[in-house]
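Undergrad: One letter stands for each residue in the lines below.
Protein chains: 2
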Amino acid sequence: MTIKLFELSGSDPERRFSPYCWAIRMALAHKGLDVQTIPWRFMDRDVLAPSGQTKVPVLVHGDKWLSESWDIANYLEQTFPDRPTLFGGPQGTALSKFYCNFAVVMASQAIRMILVDIYDHLTETDKPYFRESREQRFGMSLEQVVADRESKLQPFRDGLMPLRMTLKQQEFFGGDQPLYADYALFGVFQWARCISPFELLAADDPVALWRTRLLNAFNGLAQSAPGYD
Amino acid sequence: MTIKLFELSGSDPERRFSPYCWAIRMALAHKGLDVQTIPWRFMDRDVLAPSGQTKVPVLVHGDKWLSESWDIANYLEQTFPDRPTLFGGPQGTALSKFYCNFAVVMASQAIRMILVDIYDHLTETDKPYFRESREQRFGMSLEQVVADRESKLQPFRDGLMPLRMTLKQQEFFGGDQPLYADYALFGVFQWARCISPFELLAADDPVALWRTRLLNAFNGLAQSAPGYD
Chain A
1 MTIKLFELSG
11 SDPERRFSPY
21 CWAIRMALAH
31 KGLDVQTIPW
41 RFMDRDVLAP
51 SGQTKVPVLV
61 HGDKWLSESW
71 DIANYLEQTF
81 PDRPTLFGGP
91 QGTALSKFYC
101 NFAVVMASQA
111 IRMILVDIYD
121 HLTETDKPYF
131 RESREQRFGM
141 SLEQVVADRE
151 SKLQPFRDGL
161 MPLRMTLKQQ
171 EFFGGDQPLY
181 ADYALFGVFQ
191 WARCISPFEL
201 LAADDPVALW
211 RTRLLNAFNG
221 LAQSAPGYD
Chain S
1 MTIKLFELSG
11 SDPERRFSPY
21 CWAIRMALAH
31 KGLDVQTIPW
41 RFMDRDVLAP
51 SGQTKVPVLV
61 HGDKWLSESW
71 DIANYLEQTF
81 PDRPTLFGGP
91 QGTALSKFYC
101 NFAVVMASQA
111 IRMILVDIYD
121 HLTETDKPYF
131 RESREQRFGM
141 SLEQVVADRE
151 SKLQPFRDGL
161 MPLRMTLKQQ
171 EFFGGDQPLY
181 ADYALFGVFQ
191 WARCISPFEL
201 LAADDPVALW
211 RTRLLNAFNG
221 LAQSAPGYD
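Protein chains in written order, with this note's numbering: chain A, 1 to 229; chain S, 1 to 229.
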């Protein structure tokens, strides 16, 4: 039964840049599941109608339409229990939620450095929607949001301290092997890497070394995606 | 076999104010284990000699001396596997490490608001050591560290956003029930509560409501400890 995943894409359909879609792509690879990915743009509302959603990720498995990355990851865990676990049982599942929220906060900070880079990669159809909705959200122009972005880099990196400390103590947040918690956080860095040349991490940061391990995971699935290095 | 726990104390021996000792106290209660707590001050170096440590928590179980809260929690999990789990298996253990590091970062921020309150509660014997060592660490006087502490409150609370988001979604970081991850974070708030009247959380913050649930846990173990409300 084919699994399909709608992924946010730029004008280049191979450029996929949703943090949450990337978390699911990695989760699917972790489970050893084949997936047919479908490029999706903000204006492609109609194709998601069966999910009741207007945003991705949306995963289709047989006649099931699933949305929200957390719900999709839990669906994969429950539907394919004999494959490598994404959570490690009920306690591990509960403990993973905080990582997902930490990722949301990271993304909300990182977007203030890469917002214009996102805009620049969109289709001409998506651009007006994106500019209008984001300028309304931020209360200023896209260009104003990312102005002086270099000044936002150190506070962003400072906020990663608990990640950094942990990755000095173990290879992955999941221990010797990554779990969904790793993929949720990694999605933010992979999103940024796919859409922006602006480097969020210092090269010798333990967080960057962990990112490299995940870029190389699953035969370089994330590394080989169109992006910046 | 009696379990003994050395806990950092002020001039009032009942005032216990180490975040990491509190994490272990809660972990012991979670396991349903009786404990004999022993007040310890910074200058009581000799009594810890068998542990090879100069700081608490130090736990003594039979002829075993254990130190470092993370190692103690793992010892309790392994030694009492039939009692309620603190981690939920190997993945849950690995996932808990980030919480402990998040707690360390929270404590490093909170101490800049409560450092003088700590000093004020110490024995006269501990005070000179504490002032000298902390003033060297911070590169300024204790009083300078906490100057204008009100201005540090909002950044501290902002940094709790991923905790707050999670606690809107579930009762505890461990899910329906607390796990060691909860106790590691709670220790920071209980440390502050025991030593300082300076309130770190807004009353309606979901983090404050979670703190109240843990203050009330185990028949009010933490609530009944000498502190501020």
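Just so you know, the hints here were simulated from the structure itself, not pulled from any lab data. Please read these numbers as outputs of a predicted model, since none were measured by experiment. A few of these clues could be false.
Identical copies carry no separate label here, and so any pair may be met within one copy or between two of them.
As the list claims (entries may be wrong) - Mimicking DSS-like on lysine-lysine, the simulated pairs with C-alpha atoms at most 27 Å apart in a straight line are:
id, residue 1, residue 2
1, K31, K127
2, K127, K168
3, K97, K31
4, K4, K64
5, K64, K97
6, K152, K127
7, K127, K64
Undergrad: Tell me, please, which holds for K97 and K31 at an alpha-carbon limit of 27 Å: within, between, both or neither?
TA: Answer is both; intra-copy 19 Å and inter-copy 24 Å each pass.
Undergrad: As a check of your reading, is K4 near K64 (CA-CA no more than 27 Å) within one copy, between copies, both or neither?
TA: Within one copy only: 10 Å inside a chain, 55 Å across chains, cut-off 27 Å.
Undergrad: Is it within, between, both or neither when you check K31 against K127 at 27 Å Cα-Cα?
TA: Neither. Shortest intra-copy (35 Å) and inter-copy (56 Å) distances fail the 27 Å Cα cut-off.
Undergrad: Checking an output row: K152 and K127, CA cutoff 27 Å. Within, between, both or neither?
TA: within (25 Å within a copy, 40 Å between copies)
Undergrad: Given a CA cutoff of 27 Å, do K64 and K97 count as a within-copy pair, a between-copy pair, both, or neither?
TA: The answer is within: 24 Å in one copy meets 27 Å, while 36 Å across copies does not.
Undergrad: When no copy is specified for K127 and K64, does a C-alpha distance of 27 Å or less occur within a copy, between copies, both, or neither?
TA: Neither: 31 Å inside a copy, 65 Å across copies.
Undergrad: Between K127 and K168, at a C-alpha cutoff of 27 Å, which is it: within one copy, between copies, both, or neither?
TA: neither (41 Å within a copy, 34 Å between copies)
Of the numbered hints given earlier, the model fails hints 1, 2 and 7; all others are met.
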